[in-house]
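2 protein chains.
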Amino acid sequence: MRHLAASIVALLAATWALSLPFPAATAADIVAAPTGVTIPKGYRNWQVVAPSQRDDKDEIRMILGNNIAMRALRAKQLPFPDGAILAKLAWKRVKSAEFDNTFVPGEPQRIEFMVKDAKRYAPTGGWGFGRFIDGKPADEAAHATCFPCHQVNVKNHDFVFTRYAP
Amino acid sequence: MRHLAASIVALLAATWALSLPFPAATAADIVAAPTGVTIPKGYRNWQVVAPSQRDDKDEIRMILGNNIAMRALRAKQLPFPDGAILAKLAWKRVKSAEFDNTFVPGEPQRIEFMVKDAKRYAPTGGWGFGRFIDGKPADEAAHATCFPCHQVNVKNHDFVFTRYAP
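Residue numbers (this note's numbering), protein chains in the order written: chain A, 63 to 228; chain B, 63 to 228.
Wrong hints could be hidden among the right ones.
In the DSBU-like style, the derived pairs of lysine-lysine whose C-alpha atoms are separated by at most 35 Å in a straight line are [to be verified]:
(1) B:Lys181 <-> A:Lys150
(2) B:Lys157 <-> A:Lys103
(3) B:Lys217 <-> B:Lys198
(4) A:Lys217 <-> B:Lys157
Hints are computed from structural coordinates only; laboratory data are not their basis.
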């Protein structure tokens with residue numbers, strides 16, 4: 063009897079799951095970093111804060127901001143208000159095949175986000191950090207390295223490295 | 063008599079000019095490069111095509127696109143349709159004071175635009191080129207160098223160097 067009931071429940075569950083339009087896609091959309099940070103929709107269409115480049119990792123990057131972040135940066139408003147999000151996109155730096163001495167983005171390396179929520183992320187300066195490689199969140203150990211570095215180096219700029227490039 | 067008439071005309075012209083709300087600002091707004099290209103309003107808020115970096119000039123750049131250009135790039139539509147505009151912003155590359163091995167934008171060097179109008183700019187691949195330094199257009203000699211270089215190197219990509227960085 064127990065077995066039969068379990069089978070019926072399983073069958074009903076399977077039928078329900080199959081009737082959902084895109085169960086897998088929905089699950090993938092909300093994959094969160096250990097900090098709770100997820101990939102914000104449409105981040106690639108955000109405005110630019112500034113490009114940057116890092117020699118030791120041989121990467122070229124660009125930092126984008128959502129509207130709340132851009133407004134704060136342009137008004138030099140510190141600390142950033144809740145809802146501000148910054149995105150960092152990093153690519154391998156590769157030599158342009160078409161122009162000498164010029165470097166362009168190669169393979170994407172990772173995307174990272176800083177999400178401002180002063181209450182929720184109080185222990186890390188009011189910022190939630192999220193790192194994603196190939197769309198998948200990095201592990202807890204990787205995330206534990208974010209805030210200490212921002213804290214040591216850019217405490218006076220609300221823990222944000224990048225300045226607005228006019 | 064001639065002198066008097068000239069004086070009256072000059073006086074009337076001066077009075078009229080002074081009565082205009084912002085004559086100087088209006089004139090500055092429409093300063094065009096020798097090609098006719100002007101600085102498009104709001105270009106700093108456009109989406110990013112890609113960052114880039116150039117060693118010989120020690121510059122870091124970013125290339126932005128208006129909506130028509132971004133749509134074409136994402137759809138891999140070549141040639142670009144009329145109305146597409148690309149903007150290149152170049153800064154001196156400076157070492158970050160806050161993080162090792164990292165380079166960020168320093169002094170702005172110039173902004174440049176490519177405006178697609180297949181008919182108007184037919185002799186230069188359908189693109190009008192505009193270079194502005196400190197808000198002022200570069201001279202005709204400087205502009206004469208744009209198209210030949212784009213023509214030699216990126217004819218197969220509708221004369222546009224930058225590719226969309228995802």
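**OP:** If any of the earlier hints don't hold here, list their numbers in rising order.
**Re:** Failing hint: just 1.
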